[in-house]
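Heads up: the protein sequence lines correspond to chains A and B, in order. Each residue of the first sequence is one higher than the last, beginning at 1 in my numbering. Each residue of the second sequence is one higher than the last, beginning at 1 in my numbering.
Take the hints with a grain of salt, since some may be wrong.
Derived list of chain B stretches under chain A, where covered just means 3 residues or more per stretch with a C-beta under 8 Å from a C-beta of chain A [to be verified]:
id: 1; stretch: 80-92
id: 2; stretch: 154-166
id: 3; stretch: 198-209
id: 4; stretch: 243-252
Pairs of lysine to any residue, SDA-like flavour, derived with a Cα cap of 20 Å [claimed, not checked]:
id: 5; chain 1: B; residue 1: Lys215; chain 2: A; residue 2: Lys215
id: 6; chain 1: B; residue 1: Lys323; chain 2: A; residue 2: Ser156
id: 7; chain 1: A; residue 1: Lys305; chain 2: B; residue 2: Lys323
id: 8; chain 1: A; residue 1: Lys215; chain 2: B; residue 2: Ser298
id: 9; chain 1: B; residue 1: Lys215; chain 2: A; residue 2: Asp301
id: 10; chain 1: A; residue 1: Lys215; chain 2: B; residue 2: Asp301
id: 11; chain 1: B; residue 1: Lys252; chain 2: A; residue 2: Lys305
id: 12; chain 1: A; residue 1: Lys323; chain 2: B; residue 2: Lys323
id: 13; chain 1: B; residue 1: Lys323; chain 2: B; residue 2: Asp301
Computed list of chain B residues with no C-beta within reach of chain A, every gap over 10 Å [as the list claims (entries may be wrong)]:
id: 14; residue: Asp213
id: 15; residue: His299
id: 16; residue: Arg340
These are computed hints drawn from the structure, not numbers from a lab. C-beta atoms are modelled at their ideal positions from N, C-alpha and C, and glycine is treated no differently.
Each chain, letter by letter, is given below.
There are 2 protein chains.
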Amino acid sequence: MNDRFLKACRREPVDCTPVWLMRQAGRYMAEYRKLRERHPILEMIKTPELAAEVTLQPVRAFDLDAAIIFSDILPVLECLGLPLTFISGKGPVIERPVTTASDVDALPAEADRTPLNPTVEAVRLVRRELDGRTPLIGFSGAPFTLACYAIEGGSSRDFEQARLFMIREPAAWHGLMERLATVIADYLCAQVDAGAQAVQLFDSWAGLLNPMDYKRFAQPYSHRILSRVRQHADVPVIHFATGSSGILPELKEAGGTVIGIDSRTDLGRARSLLGSDIAVQGNLDPVYLLAGPEAFSSHVDHILKTGGTMPGHIFNLGHGVLKQTPVEHVRALVDMVHERSQRPHAGSAPGP
Amino acid sequence: MNDRFLKACRREPVDCTPVWLMRQAGRYMAEYRKLRERHPILEMIKTPELAAEVTLQPVRAFDLDAAIIFSDILPVLECLGLPLTFISGKGPVIERPVTTASDVDALPAEADRTPLNPTVEAVRLVRRELDGRTPLIGFSGAPFTLACYAIEGGSSRDFEQARLFMIREPAAWHGLMERLATVIADYLCAQVDAGAQAVQLFDSWAGLLNPMDYKRFAQPYSHRILSRVRQHADVPVIHFATGSSGILPELKEAGGTVIGIDSRTDLGRARSLLGSDIAVQGNLDPVYLLAGPEAFSSHVDHILKTGGTMPGHIFNLGHGVLKQTPVEHVRALVDMVHERSQRPHAGSAPGP
């Protein structure tokens, strides 16, 4: 069994730096595109066999140290009675966004977990298929990021409407966050019960907040979720946000075994700021992966060097793989990380 | 004459914290909307009398400590033969974006300064009109941000195309940056010669870069511009970027008398990181200004407290005023900053 990833999460010695890539299953792979021709994105997510197949595609194609379940962060909103559609070229659309305090009051008192069942089932299928060879990561969006979509009604550069709602209607905001936190914690625990050996909490837009607002409006809910998962089972938890240079200490406070660092942050500075009692994941710019090995070679060296100053580094991108990325670039990156980070005396490899 | 702003730029004692607001002239003011009904945005910028009038509107309406010339960062691109249009609801569009290295080679060897003349003339008109009562700030976009628009062809969340070009075509990138740096430095010096008493360099998207890329692809050109302006005249230079928590030391290295801090960064942390030998400007979230005095009161206190730990703080937003902002909120903010930051013994006010 390849346990490099799980060891690095626990800051234990590894034979070389483990690597997986956010959005490693996706449109850049021909196998994926072939399935997508016949199935809309929500159908792929909602059909356990399809989600499982897509999850496994990159694990078969590359020497990755972890699989991550194929899904999306938004189906959690369906549990609160907020149906969504994906419109080609526009991305996700929440059909009836939350725009007033009474919209929050009108949400069902009891969340409906059924929209998440297919993903939990897919976790079970993938885990069985992998048979312990590669660890499987489950995930969910964090409450702040999901609330942003629920209020804004879709994607946005700054989520101004959502942040305005948060400021003007703090009671309703906290009500929405409470509901999201409960269903997200349940969802992550269900994925762990189904076989996920680690989970990642994606707080994609938390970097839009300054530390004061993050602590007041987002941190308590992420903290509650991360604590509940850790109480439920002894699995590593990766806590990730983009544009998060300004709130790294607060992200750590909220919890997580590993902090995911985005591409704009220098990994060495992040490590000094976070201290040696936590692992880090990251942080190659996906644009470099798209540009190719010649372009990313020196960045890989820099990331391995700064990430490797303390135990507990998982190599990853700072954000998801871009859809135009050639598969050979992905293969070259994964192999480069392994080759250049070999520590023959640290892992279980026999001595000379 | 009100010289609080200029004193704070030089880190000299002031009677209270000076305040001005990015995009303080704009659609949130009825006087502005009335003019905009009759004139498209580019006509407003290109007609010195209109630009001057719009510049003065907020200075007449509120107790602001500085005026900033009404213009846009993009007309600089016209100097390189890249015409632009503003499409309602879509924003700026560069008609023939730079997409290949040969597009850079095909740019005119000698930049045409005439597209910038109306703004320089507007500076002259405003300076005469203000007659020393309120200092006037000139500005330009920074080369990185302008190159992003030139390549991407318009606005974008991540400017992926532009950053990919930068990585794949470094020689062409540097060629484009060279040309931009020359015309921007000339432009800022011309504004100073026309009467601008300070200038701001807006590197709106520099926060998309990690420190390594910023140093390689952007910093040398901003540094050259900021040095040339300082050699040309003894005027304060404000250096601003958004999402810049991760590159603050590099922004300081590039130059500037004042570093503009965006809303996502804690001002106190920025001050400790930057040190006491530089002034700071910022950093209320524009969404708070939109939400109103009850919402922004505690944030104003926090910003005045953390900004005031060392001499040299100019109060501002972390980004531009949002167009839906009620004018009473702007008035309340300006007055609140002045009232709550009074230092009766520090300025020129007589003792008791």
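Quick rundown of the hints versus the structure:
Closer than 8 Å: that is the beta-carbon criterion, and the stretch 80-92 of chain B has 0 residues meeting it against chain A, so the requirement of 3 is violated. Residues of the stretch 154-166 of chain B lying with their CB closer than 8 Å to a CB of chain A number 4, which satisfies the three-residue condition for coverage. Figure legend: the stretch 198-209 of chain B, annotated as covered by chain A; annotation consistent (3 residues with Cβ-Cβ distances under 8 Å, at least 3 required). Residues of the stretch 243-252 of chain B lying with their CB closer than 8 Å to a CB of chain A number 4, which satisfies the three-residue condition for coverage.
The straight-line distance between the Cα atoms of Lys215 of chain B and Lys215 of chain A is roughly 32 Å, outside the 20 Å bound, and the hint therefore fails. Using a Cα cut-off of 20 Å, the hinted pair Lys323 of chain B and Ser156 of chain A holds, with the two alpha carbons roughly 17 Å apart. The hinted pair formed by Lys305 of chain A and Lys323 of chain B fails the criterion: a straight-line CA distance of about 46 Å is larger than 20 Å. Pair hint Lys215 of chain A plus Ser298 of chain B holds up; C-alpha atoms about 15 Å apart against a cutoff of 20 Å.
In summary, the hint linking Lys215 of chain B to Asp301 of chain A is supported, as the alpha carbons are separated by about 17 Å, within the 20 Å threshold. Proposed proximity of Lys215 of chain A and Asp301 of chain B is supported: the alpha carbons are some 17 Å apart, at most 20 Å. A C-alpha spacing of about 25 Å is found between Lys252 of chain B and Lys305 of chain A, which places the hinted pair above 20 Å, so the restraint is violated. Distance check on the hinted pair: Lys323 of chain A and Lys323 of chain B sit about 35 Å apart at the alpha-carbon level, beyond 20 Å; violated.
Of the pairs offered as hints, the one joining Lys323 of chain B and Asp301 of chain B is violated, with about 24 Å between alpha carbons and a cut-off of 20 Å exceeded. For Asp213 of chain B, the condition that its CB be more than 10 Å from all CB atoms of chain A is violated, with the nearest at approximately 8 Å. Here His299 of chain B does not stay apart from chain A, with its beta-carbon only about 7 Å from theirs, under the 10 Å limit. Non-interface call for Arg340 of chain B relative to chain A: holds, since the shortest CB-CB distance, roughly 17 Å, exceeds 10 Å.
The structure does not agree with the numbered hints 1, 5, 7, 11, 12, 13, 14, 15 stated previously, though it agrees with the rest.
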